[in-house]
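Peer 1: As given, the protein sequences belong to chains U and L, one line each in that order. Residues in the first sequence are numbered consecutively from 13, following the working numbering. Residues in the second sequence are numbered consecutively from 13, following the working numbering.
Hints were generated in silico from the structure; no laboratory data involved. It is possible that some hints are incorrect.
Each pair may be met inside one copy or between any two copies, as identical chains are not told apart.
[Said to hold, decoys possible] In silico DSS-like cross-links for lysine-lysine, where the CA-CA straight-line distance does not exceed 27 Å:
#1 Lys-27 - Lys-194
#2 Lys-261 - Lys-235
#3 Lys-235 - Lys-27
#4 Lys-235 - Lys-194
#5 Lys-235 - Lys-278
#6 Lys-278 - Lys-45
#7 Lys-261 - Lys-194
#8 Lys-194 - Lys-278
#9 Lys-261 - Lys-45
#10 Lys-27 - Lys-278
None of these values were measured; they are calculated from a predicted model.
2 protein chains.
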Amino acid sequence: MDAVNTLIQTRMASKHAPRIPEVTAHLVGAGGKRLRPMLTLAAAQLCGYEGDHHIKLAATVEFIHTATLLHDDVVDESGQRRGRPTANLLWDNKSSVLVGDYLFSRSFQLMVETGSLRVLDILANASATIAEGEVLQMTAASNLATDEAVYLQVVRGKTAALFSAATEVGGVIAEAPAEQVKALFDYGDALGIAFQIADDLLDYQGDSATTGKNVGDDFRERKLTLPVIKAVAQATDDERAFWTRTIEKGQQQEGDLEQALALMAKYATLEATRQDALLWAETATQALAPLPDHPIRQMLHDLAEYVVSRLH
Amino acid sequence: MDAVNTLIQTRMASKHAPRIPEVTAHLVGAGGKRLRPMLTLAAAQLCGYEGDHHIKLAATVEFIHTATLLHDDVVDESGQRRGRPTANLLWDNKSSVLVGDYLFSRSFQLMVETGSLRVLDILANASATIAEGEVLQMTAASNLATDEAVYLQVVRGKTAALFSAATEVGGVIAEAPAEQVKALFDYGDALGIAFQIADDLLDYQGDSATTGKNVGDDFRERKLTLPVIKAVAQATDDERAFWTRTIEKGQQQEGDLEQALALMAKYATLEATRQDALLWAETATQALAPLPDHPIRQMLHDLAEYVVSRLH
């Protein structure tokens with residue numbers, strides 16, 4: 013990870029446009045969990061890789077992630093990310109859009125350097141899935157017709173696509189057998205879904221000191237996530253009118269968040285959502301079976317449990 | 013070009029997110045000149061290419077171009093493009109950012125399909141140069157210290173990088189000799205610079221019916237382009253104070269555009285800018301020398317002259 017961090021520092025520099033490292037350093041400096049690059053390194057090493065292209069791929073994956081965060085904050089008009097003001101607030105939307113584009117291009121350069129067309133294919137497809145998922149989320153977010161199937165599709169796009177690409181390219185660069193590459197993909201896919209469901213659940217039950225977000229941000233931003241989708245699916249006519257007003261029409265008033273939480277409690281949707289997250293974490297650990305018996309496999313196993321351990 | 017257009021239509025579709033083709037169709041439907049994909053086709057055919065990867069590359073180049081237009085309009089807060097309302101006005105900034113990302117990912121998929129790492133390398137580098145140029149423009153645009161060298165760097169980034177990549181990949185896919193590939197790059201680079209200088213000049217002397225822009229948009233948006241940079245370089249103290257107020261501080265009032273035009277007339281900077289554009293067009297035509305004697309070479313020659321023929 014030290015080598016990855018050094019590469020990230022080097023490649024995010026720009027001779028001509030000092031605004032670029034300023035913005036990126038703010039975000040990278042905020043110290044995300046670096047979960048995605050770690051997955052790439054782990055996957056490559058688990059499959060016995062001995063070269064150094066996995067470091068480039070890990071940095072690639074983190075650059076793609078950072079670029080999407082920058083663009084997300086513009087799209088969400090967010091003011092806070094990882095407990096700090098967002099780049100679009102500190103600089104402006106322009107900087108977030110353009111620096112995001114720059115990081116995406118840099119990621120692209122890095123992956124070309126690995127010389128692996130298969131890796132390029134996987135990451136190009138993941139990028140398209142991510143972008144498509146973001147657009148889908150934008151149009152589906154406040155639409156009460158959004159059901160669990162659409163939610164899953166959005167989650168696969170916005171989160172799981174990069175997780176599964178991160179693990180898959182680790183296996184591909186190590187020239188692992190097809191069965192292992194598929195196992196790595198399946199693990200990343202399920203881990204990403206568990207991770208995102210946990211994130212959406214914590215929006216309603218986390219405390220802002222830990223998550224860096226305020227309880228109910230998704231409700232205020234009129235985002236239909238799993239806890240609400242499950243409540244909408246069981247809603248009485250009156251309750252449906254409540255969701256239509258607050259989410260679809262965005263006419264929110266004092267006490268609405270409390271009412272929303274009461275409806276989620278009525279149908280125990282937070283607990284049902286937690287069960288879904290646990291199930292996806294279990295799917296992730298089971299996917300690891302075809303992979304070599306190795307301390308890293310155990311670490312990936314523990315990671316899947318950790319991702320949902322924050323839930324209660 | 014028909015095959016390119018068909019491919020563009022097919023690839024801009026999205027099963028899951030209908031907003032994507034909506035936004036893209038608006039822009040693609042507005043009928044840009046399709047200059048960049050045409051350059052790729054021309055370069056490949058001029059070098060005797062007989063496969064069909066040049067069609068994918070031409071669509072790639074147009075997707076990159078369209079993606080940057082979508083993001084530019086967010087950054088510039090533009091209301092009009094090609095004489096029609098911009099996507100960010102018709103939908104919202106979110107759609108422009110995310111659909112731009114989607115098109116960029118799609119372009120990336122298309123170029124991976126050609127299986128040429130050299131092509132990928134060229135386009136990855138061009139993408140990074142474009143993004144860097146955009147950031148540089150954002151920070152340099154209203155800074156009176158911006159001189160002709162910085163302007164040229166911005167122009168290379170925002171315009172010429174994609175022109176030169178468009179012509180270069182045409183030669184590369186045709187496996188043309190190094191000397192011809194270099195000639196194609198040099199031609200695209202000089203053509204792109206001539207094109208952008210002409211565009212910046214027409215902002216001050218074009219009529220909006222032809223250009224789809226209003227005279228003086230760049231002045232109002234406080235963009236330092238060549239006609240102004242040349243006037244600032246020769247400014248008296250009083251004139252410098254005028255440029256500082258109107259461009260750097262953005263405190264514009266009634267009559268300022270007329271005053272700016274008067275200062276450009278005083279130093280004949282529009283004519284000097286036109287001469288620069290003509291010189292770059294001439295550089296472009298001269299770059300063609302090492303290429304095969306072929307009707308397409310003549311067409312590229314005529315194109316360079318055409319780009320500056322709008323100037324008077």
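Peer 1: Does each hint fit the structure? Answer for all of them.
Peer 2: Hints versus structure:
For a Cα distance limit of 27 Å, the shortest separation of Lys-27 from Lys-194 across copies, 25 Å, qualifies, whereas the shortest one inside one copy, 40 Å, does not. Taking identical chains as interchangeable, the C-alpha atoms of Lys-261 and Lys-235 lie at most 27 Å apart only when both belong to the same chain, with a minimum of 12 Å there against 40 Å between chains. Taking the shortest Cα distances, Lys-235 and Lys-27 sit within 27 Å of each other only across copies (22 Å), while inside one copy they are farther apart (40 Å). With identical chains, the CA atoms of Lys-235 and Lys-194 are never at most 27 Å apart, being 32 Å at best within one copy and 51 Å at best between copies.
When the C-alpha separation of Lys-235 and Lys-278 is checked against a cutoff of 27 Å, the pair qualifies only within one copy, where the shortest distance is 20 Å, while the shortest distance between copies is 57 Å. In this homomeric assembly, Lys-278 and Lys-45 never come within 27 Å of each other (Cα to Cα): the closest approach is 34 Å inside a single copy and 59 Å across copies. Taking the shortest alpha-carbon separations for Lys-261 and Lys-194, neither the intra-copy value of 43 Å nor the inter-copy value of 57 Å comes in at or below 27 Å. With identical chains, the CA atoms of Lys-194 and Lys-278 are never at most 27 Å apart, being 40 Å at best within one copy and 70 Å at best between copies.
Proximity of Lys-261 to Lys-45 under the C-alpha cut-off of 27 Å is found in neither arrangement, the shortest distances being 35 Å within a copy and 41 Å between copies. For the identical chains of this complex, Lys-27 and Lys-278 are neighbours neither inside a copy (57 Å) nor across copies (36 Å), given an alpha-carbon limit of 27 Å.
Of the numbered hints listed earlier, those contradicted by the structure are 4, 6, 7, 8, 9, 10.
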